[in-house]
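So for the sequence shown, our numbering puts the first residue at 1; every next one is plus one.
Please keep in mind that the hints were generated in silico from the structure rather than gathered at the bench.
Hints may contain errors.
[Unchecked claim] Capping the alpha-carbon separation at 25 Å, the derived lysine-lysine pairs in DSS-like fashion look like this:
1) K131 to K47
2) K190 to K34
3) K166 to K152
[Stated by the list, open to error] Distance ranges between label pairs, derived from CB positions:
4) G178 to T113: 17 to 25 Å
5) A114 to N33: 36 to 44 Å
6) A31 to S189: 37 to 45 Å
7) S149 to A92: 18 to 26 Å
8) S161 to N89: 23 to 31 Å
9) A94 to K34: 21 to 29 Å
10) K166 to T64: 15 to 23 Å
11) A31 to D142: 18 to 26 Å
12) P121 to A36: 47 to 55 Å
13) T119 to S161: 36 to 44 Å
Remember, predicted model here, so these are calculated numbers, not experimental data.
Beta carbons are placed, not taken as given, at the ideal position from N, Cα and C, and that holds for glycine.
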Amino acid sequence: MKTIITSIFLSLSILGYSQIIVGGINGTAPANNKTAVLLEFEAGQNKGIILPYVRTMPAPAQVTPGTMLVDASANNATQSKVKYYAPGNINADASGWVDLSSGNRADISSLMTAQPQSTGPEAVVEEVGAKTIIGASSSSADGVLVLESTTKVMVLPQVESTNDVKDPAPGMMVYLNGINKRLAVYNGSKWTYWVP
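Could you put the whole structure together from the sequences, leaning on the hints where they help?
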């Protein structure tokens, strides 16, 4: 199934570098702004995007600025946080990571037992360099899903309230388009809100 989805995304991006709407045909961007959108999500779904969980934090030399993930590394599976890589940012730690969970921690160790193992007899070996690229035929950035464009953006899934999202997964991100417009990030136990 994952291979089929990856193939569809790859084919769509190669054929026309066109816009992709996940979950419907209308999306949330206004019709007159569709040419500036690379990836968007259907309105009214009350769902978000889920960031990848990592058991080993990548070294700064391996990370592209703007990378977002859930830090579930060996020492942090019981204290997971959502992070993004922004070296030089005033809020970044010494290795360049900014904590989007605002110090809030979550125990996702039980969820990690259901994730593929990276060692042992049932290990799933990650193919180095494997990625799906939307917006270009190639990219030097590493990531599971790379949005490559200098003129187009991704519009996050939008919800009126995080209360509308039933059973959110750790690493979920949505944009609140209700009264308080802001980015919402879920670390596995608590939502954190970021004002633009």
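Now the hints, each set against the structure:
Distance check on the hinted pair: K131 and K47 sit about 23 Å apart at the alpha-carbon level, within 25 Å; holds. Distance hint between K190 and K34 is unfulfilled; the C-alpha atoms sit about 33 Å from each other, more than 25 Å. For the suggested pair K166 and K152, the alpha carbons sit about 30 Å apart, so the restraint of at most 25 Å is broken. Between G178 and T113 the CB atoms are about 36 Å apart, so this pair departs from the stated range of 17 to 25 Å.
Separated by about 39 Å at the C-beta atoms, A114 and N33 satisfy the suggested range of 36 to 44 Å. Restraint check, A31 to S189: a C-beta distance of roughly 39 Å satisfies the suggested window 37 to 45 Å. The hinted range of 18 to 26 Å is satisfied by S149 and A92, whose Cβ atoms lie roughly 25 Å apart. In this structure the supplied range 23 to 31 Å holds for S161 paired with N89, their Cβ-Cβ distance being about 28 Å.
Taking the beta carbon of each, A94 and K34 are about 41 Å apart, not inside 21 to 29 Å as hinted. A C-beta distance of roughly 33 Å is found between K166 and T64, which places it outside the suggested range of 15 to 23 Å. Checked against the hint of 18 to 26 Å, the C-beta distance between A31 and D142 comes to roughly 34 Å, which is inconsistent with it. Separation of P121 from A36 is about 48 Å and conforms to the stated range, judged on CB atoms against 47 to 55 Å.
The supplied range of 36 to 44 Å is met by T119 and S161, whose beta-carbon atoms lie about 41 Å from each other.
The structure fails to meet hints 2, 3, 4, 9, 10, 11 from the earlier list, while all remaining hints are met.
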